[in-house]
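Participant: Spelled out from the first residue to the last, the chains are:
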Amino acid sequence: MRDETSTALLVLQGIKKNYGAVRALQGVDFDLRAGEVHALLGENGAGKSTLINIITGARSPDAGTLTLAGRPLGALSPALARSLGIACVHQQPALFAELTVAENIGLRLEAGGAWRRVDWRRRAAQAAELLQRVGAEFSADRTVRELSMPEQQLVEIACVLGAGSRIVIMDEPTASLTRREQEKLYEIVRSLRAVGTGVVYISHRLEEIRVLADRVTVLRDGVSVGTSAVGEVTEPELIKLMVGREVSLTQRAAGATPGAVRLAVKNLSCIAGGVRDVTFEIRAGEIFGLAGLVGAGRTELARTLFGLTPADAGRLQVDGRDIAIRSPGEAIAAGLAYVPEDRRRHGVILEMPIAQNMTLAVHSRLFPGGWLRAGPELSVAAKFIGDLSIKVAGPDAPGASLSGGNQQKVALARWLATKPRVLILDEPTQGVDVGAKGEIHRIIRRLAADGLAVLLISSDLPEVLALSDRLGVMRGGTLTASLPGDSDPHTVMAAALGQPS
Amino acid sequence: MSTTDHQSGWKNILLRYETLLLAVLVVEWLFFYHYGTTTNRRGVFVGFGTLDRQFDILRHSCEIGLLALALTPVILTAGIDLSVGSLLGLCAILFGKLWRDGGLTIPVAAALTLVAGALGGGLNAGLITVLRLPPLIVTLGTYSLFRGLAEAITHGAVTYTDFPASFLFLGQERWLGLPTQAWLFLPVAAAVWLLVHGTATGRSLRAIGFSPEGARYAGLPVERRVALVYVLSGFIAAVAALIYTARLGQAKADAGTGYELFAITAVVLGGTSIFGGRGSVTGTLLGVAAIAVLKSGLATLPVVIRLNAAEEMSGMLTGALLLLALTGSILPKILSTLRARRQAG
Amino acid sequence: MNRYFREISVTIALGLILLAMAVLAPGFFQPQPLLSLVTREAPTLVVACGMALIIISRQIDISVGSQFSVCSICAGLLAARGWPLGLVVPAAAAIGALLGACNGMLVAGLRLPSIVVTLATMVILRQGLNLVQQGAFVNLPDSVQWFGLSQAAGQWTLVGLALALLLVFGLAMRRVAAGRWVYAVGTDAEAARLAGIRAQLVTFMVFVLMGTLAGIAATMNIVQSPQVQPAVGSGLELKVIAAVVVGGVAISGGRGNVWGAFAGLLLLACVSPALTHLHIEAYWEKTIQGAIILLAVVAEGLRQRKSKGGRE
Numbered sequence: 000m001r002d003e004t005s006t007a008l009l010v011l012q013g014i015k016k017n018y019g020a021v022r023a024l025q026g027v028d029f030d031l032r033a034g035e036v037h038a039l040l041g042e043n044g045a046g047k048s049t050l051i052n053i054i055t056g057a058r059s060p061d062a063g064t065l066t067l068a069g070r071p072l073g074a075l076s077p078a079l080a081r082s083l084g085i086a087c088v089h090q091q092p093a094l095f096a097e098l099t100v101a102e103n104i105g106l107r108l109e110a111g112g113a114w115r116r117v118d119w120r121r122r123a124a125q126a127a128e129l130l131q132r133v134g135a136e137f138s139a140d141r142t143v144r145e146l147s148m149p150e151q152q153l154v155e156i157a158c159v160l161g162a163g164s165r166i167v168i169m170d171e172p173t174a175s176l177t178r179r180e181q182e183k184l185y186e187i188v189r190s191l192r193a194v195g196t197g198v199v200y201i202s203h204r205l206e207e208i209r210v211l212a213d214r215v216t217v218l219r220d221g222v223s224v225g226t227s228a229v230g231e232v233t234e235p236e237l238i239k240l241m242v243g244r245e246v247s248l249t250q251r252a253a254g255a256t257p258g259a260v261r262l263a264v265k266n267l268s269c270i271a272g273g274v275r276d277v278t279f280e281i282r283a284g285e286i287f288g289l290a291g292l293v294g295a296g297r298t299e300l301a302r303t304l305f306g307l308t309p310a311d312a313g314r315l316q317v318d319g320r321d322i323a324i325r326s327p328g329e330a331i332a333a334g335l336a337y338v339p340e341d342r343r344r345h346g347v348i349l350e351m352p353i354a355q356n357m358t359l360a361v362h363s364r365l366f367p368g369g370w371l372r373a374g375p376e377l378s379v380a381a382k383f384i385g386d387l388s389i390k391v392a393g394p395d396a397p398g399a400s401l402s403g404g405n406q407q408k409v410a411l412a413r414w415l416a417t418k419p420r421v422l423i424l425d426e427p428t429q430g431v432d433v434g435a436k437g438e439i440h441r442i443i444r445r446l447a448a449d450g451l452a453v454l455l456i457s458s459d460l461p462e463v464l465a466l467s468d469r470l471g472v473m474r475g476g477t478l479t480a481s482l483p484g485d486s487d488p489h490t491v492m493a494a495a496l497g498q499p500s
Numbered sequence: 000m001s002t003t004d005h006q007s008g009w010k011n012i013l014l015r016y017e018t019l020l021l022a023v024l025v026v027e028w029l030f031f032y033h034y035g036t037t038t039n040r041r042g043v044f045v046g047f048g049t050l051d052r053q054f055d056i057l058r059h060s061c062e063i064g065l066l067a068l069a070l071t072p073v074i075l076t077a078g079i080d081l082s083v084g085s086l087l088g089l090c091a092i093l094f095g096k097l098w099r100d101g102g103l104t105i106p107v108a109a110a111l112t113l114v115a116g117a118l119g120g121g122l123n124a125g126l127i128t129v130l131r132l133p134p135l136i137v138t139l140g141t142y143s144l145f146r147g148l149a150e151a152i153t154h155g156a157v158t159y160t161d162f163p164a165s166f167l168f169l170g171q172e173r174w175l176g177l178p179t180q181a182w183l184f185l186p187v188a189a190a191v192w193l194l195v196h197g198t199a200t201g202r203s204l205r206a207i208g209f210s211p212e213g214a215r216y217a218g219l220p221v222e223r224r225v226a227l228v229y230v231l232s233g234f235i236a237a238v239a240a241l242i243y244t245a246r247l248g249q250a251k252a253d254a255g256t257g258y259e260l261f262a263i264t265a266v267v268l269g270g271t272s273i274f275g276g277r278g279s280v281t282g283t284l285l286g287v288a289a290i291a292v293l294k295s296g297l298a299t300l301p302v303v304i305r306l307n308a309a310e311e312m313s314g315m316l317t318g319a320l321l322l323l324a325l326t327g328s329i330l331p332k333i334l335s336t337l338r339a340r341r342q343a344g
Numbered sequence: 000m001n002r003y004f005r006e007i008s009v010t011i012a013l014g015l016i017l018l019a020m021a022v023l024a025p026g027f028f029q030p031q032p033l034l035s036l037v038t039r040e041a042p043t044l045v046v047a048c049g050m051a052l053i054i055i056s057r058q059i060d061i062s063v064g065s066q067f068s069v070c071s072i073c074a075g076l077l078a079a080r081g082w083p084l085g086l087v088v089p090a091a092a093a094i095g096a097l098l099g100a101c102n103g104m105l106v107a108g109l110r111l112p113s114i115v116v117t118l119a120t121m122v123i124l125r126q127g128l129n130l131v132q133q134g135a136f137v138n139l140p141d142s143v144q145w146f147g148l149s150q151a152a153g154q155w156t157l158v159g160l161a162l163a164l165l166l167v168f169g170l171a172m173r174r175v176a177a178g179r180w181v182y183a184v185g186t187d188a189e190a191a192r193l194a195g196i197r198a199q200l201v202t203f204m205v206f207v208l209m210g211t212l213a214g215i216a217a218t219m220n221i222v223q224s225p226q227v228q229p230a231v232g233s234g235l236e237l238k239v240i241a242a243v244v245v246g247g248v249a250i251s252g253g254r255g256n257v258w259g260a261f262a263g264l265l266l267l268a269c270v271s272p273a274l275t276h277l278h279i280e281a282y283w284e285k286t287i288q289g290a291i292i293l294l295a296v297v298a299e300g301l302r303q304r305k306s307k308g309g310r311e
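Residue numbers (numbering that gives the first Met the number 0), protein chains in the order written: chain A, 0 to 500; chain W, 0 to 344; chain U, 0 to 311.
None of these hints come from the bench; they were simulated from the model. Cβ atoms here follow ideal geometry from the backbone N, Cα and C, with glycine treated the same way. Take the hints with a grain of salt, since some may be wrong.
Stated by the list, open to error - Covered stretches of chain U, going by a simulated chain W footprint (3 or more residues, C-beta under 8 Å):
1. 97 to 105
2. 118 to 124
3. 152 to 163
4. 292 to 300
Make the full structure from the sequences, and use the hints.
Facilitator: Shown next as structure tokens:
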């Protein structure tokens, strides 16, 4: 055990922050020592992002103090935070899409006045060296726009490495990385720790925290509710701290007997979307889970099925009838519904009232002749607000005013209103708090019990295993394994990684 | 501004931006009614309150009003159409040419002109939806192209005149008590109002304006809808071209120069967000009226008459009004930020 | 794909046109008319440099034409009062900077959309000028003409000045940190803020610079004729926006450079004299310019479609 006072790198005391009426932080205490990995845990909306923004100077706290290496900090700006040695790997890479990798790294690392000369040769050399250290295989001359999400994440990490920061914040850095990239990242985190850097590590994956972190602090509803060494706390205890109550992931329900084949997909391919030769069936009343690593082509398959990136080969049958889907409109007509992964950009239109959000896909049925009618719209809204127990001020409330879980329910309601035969759910509980997660699971089960065929895409392995009657595993744009619903996690993960189990 | 397109509840109506704009319009009107001179230099009664004056305002605001109506759905989708003024010019020239050089009758020439307008809008629509190009640049290109074609057809010099009285009736006379062109303007206004506020199509235009990707994921035919608003915009510009030609009795290549700016001003002044999604046709009509009353009213103020500066004053005030409306639209945001800061401090 | 594809392709297009002219109408290359043409476009080039910066920073300024007019008239009035050119030029630049600062305050300070703000200031400035000037011309003293030099020397001075400014901006946008900040802000203002760049200040300064350049360009214009007319500069905004866009500056911000804007401007400026020499009537000019703009964006659209890889 190190001496606490001498090595406390960063101490936060009584941090408070409001956004208008929203009380994001209501008194957070947090300390980070040199040479430790300190994990920050909490449900979505617990205030983790706000806390990061305060440490990096992107937002200023309403109350509370920050102390860096014993020196109290006044007003912090991003530039000042950076010069003090604070760096952050953002979850959504905050990079300049139109600029090259080298310039992105340069803009982050170079200090100095507006009129200083830009040394392009030094920039290139520095970028190449950093990219090599993070194990990136792309050139520093590439424009960031051309890079994939994980590649952009590596650029972010390279920036942080190059800054030689005393404090590094990592906001769910492994969310979009492949297994190999994750291992590389762990290596980097450990090497940072070895040179005395303090790392704030934010993750939802408890197992990751166990292997990587020294201490863990749990945030709940904007308050820090506990800090302890990782070895001294069990996973159930952590979960209990996070949610303030004990929960267990509900066990698999005994699968109802599935009906006739609802959706049959044969040799489906979409070159632009990166989907190759996918074949599977889903029966009425069945939940078909789709596991795989991020980037395995699951969302791409969903987008192809739904006509967003139309297929260029293969056959599709719904209830035994051949159909061709070249646009989302045709997919809806064929009885397909797709609740997309990115809720805020694709799932709901944040500025629109939720009633209008819910009826967006059923205009032709609800408004014969194309004329808007308030009555049917409000009754659809009222029905789903009740059925899905959506917490909302009223049907006129804009989507943005809802919490993540309730937004997800609105997205779901929009598609249930189409009375679909096949429901595609893409990461339905991502970024949703534990309470809403359980509710959404119950809703999915109920829908299947009512005879809907459900295609469930999820990176949350326990979730897929708990909900699915059967499951498929995707890798490299194609379906590589078909497994029973009660498979054990190791088999599924091995299939996803392409290793013999 | 309300986010819903069903308008309901008195409180809701009172708090709407349109209500504020209507109040401004009334105050503006009363001001000119009170301070405007009642006689012109020759001693003829030209009071601001006369029915004749109101009709005059209506007559002169028809073309810009039509373009503003055309632009409202476009801006609702977060797009822009800079080419409407140029297309008006091109359509006026085409009409003149078809009638005089082509030897067609007025109705046939007018019908073909309307088709040409829709085709011009279709060019914008095609480039914007098929090639996914930014509307600002596409319509900047066609702004130049349409005006250029008008100049090329007329060799920059020809003016088409001597239209038959039966056609000029449309722009210069009255029918059933109203200026004739009002009988074209009002149905167009009603149709655009119904499209934007009463139909599922209008609803999808808002959705597209808020989030084109979100609208696509909801299964809305985004490309078709966007194409529709640009084609409609071209068609309405052609209608405006006919009215313009009839009012002035001539068609020249510079017809409608700069009109796009006044039309955009009217739309934004009417509360439609340049970022798409929010806005109303009522607001646009009030915006057009506010600008038209301002222009006409200024011409009756003694001081403006002395300076001979009605045109300039109305332009400046319109610009200032636009800035004011813009600042007003972000005022709630600024206030809430300030309040949050004060609470914290 | 080469990062400078657009700049190169515009330059090649320009080269092809010049080549075609050399074959079809060698008369085009007489030195004196060519010098006059380039001199006429010199002020436009200076404004186009500013517009390139504006568009790279993901804004737009359609009030430049009005700014140009106001600065021209002010400069003309000062010169007519007997101010020496050495004072008139900074004065015009300062007036321009002030006008730009107004736009900058509204756009960067209040975060209003620049297209609407500059639409409003464009109308206000133009009509304000009309109100004060009532369409009257300003007669300039002879000493102002061509800076008091011979016509040829004056022309060369103007061209040299414009090219010098182009060179300064071209190099600064590539090699000076502030220039790269403009790109950073145009690509992603929030990311710029996180990288410690004061995005709003950069935006404000770009507008001030635009105004300053409009002021300088205005004085470069008035020395070319014995009178200043208030309508000078109307339509200039669209001309420079067109040049900048044809030259490969992306309207979505963060991409392009002033060299491309230069090539784009030359391409558009060649149209009218080329038409004359090819005995095509001059009233096709606008049509062809419009077609060039559309062609440039269509080419860009097709290219982006093709290179659109894994990213949505």
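Participant: Next, verify each hint and record whether it holds.
Facilitator: Checked hints:
Closer than 8 Å: that is the beta-carbon criterion, and the stretch 97 to 105 of chain U has 1 residues meeting it against chain W, so the requirement of 3 is violated. Proximity of the stretch 118 to 124 of chain U to chain W, defined as three or more residues with a beta carbon under 8 Å from a beta carbon of that chain, is established by the 6 residues found. Only residues whose beta carbon comes within less than 8 Å of a beta carbon in chain W count, and the stretch 152 to 163 of chain U has 0; fewer than three means the coverage is violated. Under a criterion of three residues with beta carbons nearer than 8 Å to beta carbons of chain W, the stated coverage of the stretch 292 to 300 of chain U is upheld, 6 such residues being counted.
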